[in-house]
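Novice: With the sequence shown counted from 1, adding 30 to any position gets you this note's numbering.
The set of hints was computed from the structure by calculation and includes no laboratory data.
Accuracy of the hints is not assured; some may be wrong.
Listed below are the simulated BS3-like cross-link pairs for lysine-lysine, each with C-alpha atoms no more than 25 angstroms apart in a straight line [stated by the list, open to error]:
| id | residue 1 | residue 2 |
| --- | --- | --- |
| 1 | K67 | K53 |
| 2 | K103 | K67 |
| 3 | K101 | K90 |
| 4 | K88 | K103 |
| 5 | K76 | K90 |
| 6 | K88 | K76 |
| 7 | K103 | K79 |
| 8 | K76 | K103 |
| 9 | K101 | K88 |
| 10 | K67 | K88 |
| 11 | K53 | K88 |
| 12 | K90 | K103 |
| 13 | K90 | K67 |
| 14 | K79 | K90 |
| 15 | K53 | K101 |
Distance ranges between label pairs, derived from CB positions [what the hints assert, rightly or not]:
| id | residue 1 | residue 2 | range |
| --- | --- | --- | --- |
| 16 | R89 | A49 | 15 to 25 angstroms |
| 17 | K88 | A49 | 30 to 40 angstroms |
| 18 | K79 | F47 | 18 to 28 angstroms |
Nothing here was measured: the structure is a model prediction, and the numbers come from that model.
Even glycine gets a Cβ: it sits at the ideal position worked out from N, Cα and C.
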Amino acid sequence: MNHTQSYTINGCIFQEFLALLGKVVHSDLIRQMEYLKVENDILRSKCPKRITTTPAEKRKLIRYGLACRGKIKGIISIVSYSTPRADV
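Assemble the whole structure, with the sequences as input and the hints as a guide.
Specialist: Quick look at the structure:
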């Protein structure tokens with residue numbers, strides 16, 4: 031048996047490893063995002079009620095927000111959901 035065959039015997043060990051690795055990385059990213067959300071909430075509580083953004087800041091938020099597709103609606107906080115949609 032060569033090395034290539036050993037990876038494919040008994041349910042694709044390599045694919046199982048990749049699936050496990052994906053779960054570990056995914057859960058780590060979720061924990062990091064939860065931390066950043068809490069940190070952001072704390073910082074926001076120390077800011078004025080209304081935060082104004084410059085056109086350059088809005089463009090930056092839109093650029094990064096578009097990568098999130100429809101999921102941005104649940105995490106957007108300093109501009110309204112209609113702002114990125116209107117500027118696209």
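Novice: Determine for every hint whether it applies to the structure shown.
Specialist: Now the hints, each set against the structure:
1. K67 with K53: holds, 21 angstroms
2. K103 with K67: Judged against 25 angstroms, a Cα distance of about 14 angstroms means the pair holds.
3. K101 with K90: holds, 17 angstroms
4. K88 with K103: holds, 15 angstroms
5. K76 with K90: Holds, at roughly 23 angstroms.
6. K88 with K76: holds, 21 angstroms
7. K103 with K79: holds, 20 angstroms
8. K76 with K103: OK: K76 and K103 at ~23 angstroms, within 25 angstroms.
9. K101 with K88: holds, 18 angstroms
10. K67 with K88: holds, 19 angstroms
11. K53 with K88: violated, 33 angstroms
12. K90 with K103: holds, 16 angstroms
13. K90 with K67: holds, 18 angstroms
14. K79 with K90: holds, 21 angstroms
15. K53 with K101: holds, 20 angstroms
16. R89 with A49: 15 to 25 angstroms: 38 angstroms Cβ-Cβ, so the 15 to 25 angstroms window is violated.
17. K88 with A49: 30 to 40 angstroms: At 39 angstroms between Cβs, range holds.
18. K79 with F47: 18 to 28 angstroms: violated, 49 angstroms
Checked against the numbered hints above, the structure breaks hints 11, 16 and 18 and satisfies the rest.
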